[in-house]
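2 protein chains.
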Amino acid sequence: MSNTLIPIMPWLGGFGLLIAALTYVTIKRYSAGNEKMIDIAEKIHLGAMVFLKREYSIIAIFMVVIFVTLSLALSIWTGIAYLTGALCSMLAGWFGMEAATRTSPRACQGAKDGEAPRALAIAFQGGSVMGLCVASMGVLGLAIYFFFTKHNPQNAPLVINGFAMGASSIALFARVGGGIYTKSADVGADLVGKVEAGIPEDDPRNPGVIADLVGDNVGDTAGMGADLFESYVGSVVATIAIGATFANPIPKMALPLVLISIGLIASLLGIWSMGILKRMNPQSALRTATYVSGIIFIIGSYIATNSLIGDTRAFWAILAGLFCGVLIGLETEYFTSGPPIKTIARASESGPATTVITGLAVGFKSAILPVITICIAIFVAYKMSGLYGIALSGVGMLSTIGIVMSTDSYGPIADNAGGIAEMSGAGPEIRKITDKLDALGNTTAAMGKGFAIGSAALTALALFSAYQNTVGLQTISLTKSTTIIGLMLGAMMPFFIAALTMEAVGRAANQMVQEIRRQFREIKGLLEGTASPEIQTCIDIVTKGALREMIAPGILAIASPLIVGFAMGPEALGGFLAGATATGVLLGVFMANGGGAWDNGKKWIEEGNLGGKGSDAHKAAVVGDTVGDPFKDTSGPSMNILIKLMAVVSLVFAPVIARML
Amino acid sequence: MSNTLIPIMPWLGGFGLLIAALTYVTIKRYSAGNEKMIDIAEKIHLGAMVFLKREYSIIAIFMVVIFVTLSLALSIWTGIAYLTGALCSMLAGWFGMEAATRTSPRACQGAKDGEAPRALAIAFQGGSVMGLCVASMGVLGLAIYFFFTKHNPQNAPLVINGFAMGASSIALFARVGGGIYTKSADVGADLVGKVEAGIPEDDPRNPGVIADLVGDNVGDTAGMGADLFESYVGSVVATIAIGATFANPIPKMALPLVLISIGLIASLLGIWSMGILKRMNPQSALRTATYVSGIIFIIGSYIATNSLIGDTRAFWAILAGLFCGVLIGLETEYFTSGPPIKTIARASESGPATTVITGLAVGFKSAILPVITICIAIFVAYKMSGLYGIALSGVGMLSTIGIVMSTDSYGPIADNAGGIAEMSGAGPEIRKITDKLDALGNTTAAMGKGFAIGSAALTALALFSAYQNTVGLQTISLTKSTTIIGLMLGAMMPFFIAALTMEAVGRAANQMVQEIRRQFREIKGLLEGTASPEIQTCIDIVTKGALREMIAPGILAIASPLIVGFAMGPEALGGFLAGATATGVLLGVFMANGGGAWDNGKKWIEEGNLGGKGSDAHKAAVVGDTVGDPFKDTSGPSMNILIKLMAVVSLVFAPVIARML
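Residue numbers (the working numbering), protein chains in the order written: chain L, -2 to 658; chain R, -2 to 658.
Careful, some of the hints might be misleading.
What the hints assert, rightly or not - Restraint-style ranges between C-beta atoms, simulated for each label pair:
no., chain 1, residue 1, chain 2, residue 2, range
1, L, V47, R, D432, 53 to 63 Å
2, R, A655, L, P4, 47 to 57 Å
3, R, D613, L, I548, 44 to 54 Å
4, R, I369, L, R514, 33 to 43 Å
Worth flagging that the hints you see were computed from the coordinates, not collected in a lab. Cβ coordinates follow ideal geometry from the N, Cα and C atoms, glycine included.
One chain only, chain L, in its complex shape:
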């Protein structure tokens, strides 16, 4: 059975890419609006693409170093797989960004044509290019490697692991660099523009506003895409590595590939169903499309599991992962848009200090349920199929990534459409439509973040299981002092990365503040609207800042597991990974949800509650929101990458580290 399916899969991946390309062509045919809109959109597009280009050229140096290392330490094939994995992630990011930045003016124009459903449909189409690219690249790349290595099942993982490591290293730079970019631009533009100069958000007089809009793309679209692509590939690779240890390995190794293929088909059908659903209210439309994909995937995976490995128990492990993702999404939604945001808003009435204290408490609290949810998923998955089950649950959660990522990418497109409407001086009617789509984008973004963390946790645990298997450890025992030391050091890593990324945003934002202040001071007529700001210098500053600041966390994340592994042995490295995963998940949820709750608490006040905009409560809430910015968009998401990347590096090098046993 698997012999029939495996050769089909690369074609399926190719088909997904074709659909993505056709969607892109369709979008380009829509009107991009008047000259002003086209001009603004072009600037955003250029800024985003220049950032990606520079980012990729720095990454290229890393890639060469790691390629050589892998080729020497393991095999040239692992090195090549590494390059391919990295390339797939880069291409998905590139296409997705290209589509996203081309879509936003068209979604804005769609709103101008007076129709919310049309604007929604266009924005979603733009997001689906990213979603399909991510899903298809994964299917295509993984299936090809599996096809060519499956004649030697025991060695296949050694090569395919490299693919996951490639995806991971791009994710690190895209997420950390993108996160620093988006937040330093945002904080910088807001601090001088909104607070000091008193001009509205997205005002064309603000020299930092284009950089801010570019930031939404590089952080929320490219960063998120690379993050989820890493989880997606990582969970499949982990399952393949564990599957290879069974007596009859091929079906067990093929199963995750078949699952993501079904997920891709399900996503295509879900995306297609949006064409029918678009007349519903936007939130229900997005949700229904996701459910359509989910149900198709559940049915398909039940059939696949039974016919491929003849074991319904594995199906329950897959389902546990899928439900885990949905539940964490709902939990995130509760903490970032439910009653807790009102608690924060009310605390704002006593000033900024209580706003911050309450937000931190909400963040801490919000970490409880997701961890319990993950624990239940692990328990069920392990009970059903052991370590293989844990890995499968990750695949179950991520198979429908095509639709999940489409929904998530929709957010920054809607956000940018709103920015373009504001900057091009579109009327209040249009703003209303884009605001509505943007607000929905905030909800999907918060859920997307929850999903990203949950999937990172399951993927990291899956990779951890694969690491144990590959390194050949019977136990990783906490009764040994080296394991405890590994655990403590691992648990420390997320704090280290949090410190580095928070400081990075502070430094880069500060440079931005200085530059915007300088322009307001030196460019005559800027505030009066008679002169144009020098937007390019602002873009340059954040681009350079982000690229400079992403290097230290990057090296740290790649080098630390190797140092621990080679200096203290494979068991200590096991403790290290477990410690990092535990704290990384907790800190990630704490920061993402705390930040999201501050943001929405402020928005709730802006809707006219507790005195509305301009009240003292609002000023206090703005402080909370600013503190939350690097939390939710830089440091928090960096945790996802950190735990997966460290696990995948350990897995790739496991055969070498194992020799120390």
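Given the structure of chain L, go ahead and fit chain R onto it with the hints provided.
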């Protein structure tokens, strides 16, 4: 050899108590100043004692429940040991508080007599009563239990463990309740008094100011005392439990008792040396006295280790612990009074949001070195003497608790002396002296907090080692899903407690704010100084608030390890403890140092930098300080208790949980 020493030890403990009593009598003979000073001091004294009384009566209910449980599940002797341990902690807290509250007006009067050295000497004497009570109670109680149980070395730990659990449960309530008390009073009094009404700190017109001063005593003196007492007892008990498993157990079990006896003697000599050193500058005097004790202890412990167990390797484990404590103290000092506080202060120039972001980054960063330091200590200790060495390193760190606690208790006494000077209208000359002593107190307090966290980490790890031994586990393997689930849940606990305690301070402070606002509104002539505030209602509110809010975290900390242990087995509980210790230490350091750095960043601005008091930077720094208050004095210190208490509960119930294997 041990047979000669053991019967002497209880007498030594008694002797220490005698010296404490004599010191107390000496202090009482000093003049307590004029009528106004006596009146204020009496109110603080009463407030503190009433809080302790009510706290203890709530704890009494808990004690009965746990006594019955222990007697039924283990043995009546464990139950009795539990009661004794709790009683020792309560008595030490009671005496220490009695002395501290009696000392502060006398230290103030000492300053009035125009002499900083005299004020320092009196304040230190007051602190030494707490230090000696804590050290002596430990020696006395533990030595008596050991004397009566040593004929049956295998069963001795089962009883003595109960003593540690008693100390731990008091610590939980004293630390959490005291922490909530002190910060809700502080935040409440400051928000309305300083910010809204614009009157200075410690102004007698503020209805909350006495509650605030009481808070310094219940949080910083009683809470800290119970915290360190718990570490002290816990590390000794862990060493005894591991020592009992050796072939010739008595000397190995006696060693920790001999060490703390030597530590008590060293502390007595250190305290006595302060009489000679008091003419030095205050900071050097305190430091030199600590070094005197340290050196005496090192020499004594070298001799004791060699003659008792004939193994120099164990001595190096002890030394590793001692150095670990000193290093963490210095690291804490760097982050809470070194360059990082200026970084925070400078960030305050861009407003409260950047102040908070920078402080959080400093906090995250400050967690790195202490963890590495602890890892090195564990590595050395384990290399030297295995699990026994890890436990011994904890004892090494805590043996000189007498002098460490004396130095630490000095802080709140100096703080209160300053408050009394302000409230009684003493001149600026006296304020200058008390301010100087107070500033020094802040440094010793920050170092004390670092020491408390470091000792909590080592004690928790020691107890964890003892748990493994007692429960009879050969491995606690992370390759099992239950262990990983235990680890994740354990890592979650500190976040849970952080959320509960942060919210608790918020709620209690809010009630305080309402009440103070009411008094300013309703009591005519209060702000003009012609009417007196109703201080008693404020004290009542925070007392009730703190006692109510400490219950949930308390139950959670005691019940959770039992639930995990009985529902998922001893190995999962092992993972749970390891996870909790790792995150607890990190979160504890992050919060304590972040809070301390914000506090001192604000103080640095108040010294006249960056515009000084009243500048925008100062206002932003006040926000940071307020956020840091519950961080450093409530939630952060709660982590110490949490990790030790959960470990000691697991150790006590290990024989019952072991039956599940």
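Is 44 to 54 Å a correct range for the gap between the Cβ atoms of R/D613 and L/I548? Cβ of R/D613 to Cβ of L/I548: about 35 Å, so the range 44 to 54 Å is violated.
Check the following: the C-beta atoms of L/V47 and R/D432 are separated by a distance inside 53 to 63 Å. Taking Cβ atoms as reference, L/V47 and R/D432 lie about 56 Å apart, which means the hint holds.
Starting from the hint 47 to 57 Å, judge whether the C-beta atoms of R/A655 and L/P4 obey it. Between R/A655 and L/P4, where Cβ atoms are some 55 Å apart, the hint holds.
Could one say that the CB atoms of R/I369 and L/R514 fall in the range 33 to 43 Å? At 40 Å between Cβs, range holds.
Of the numbered hints stated above, the single one contradicted by the structure is hint 3.
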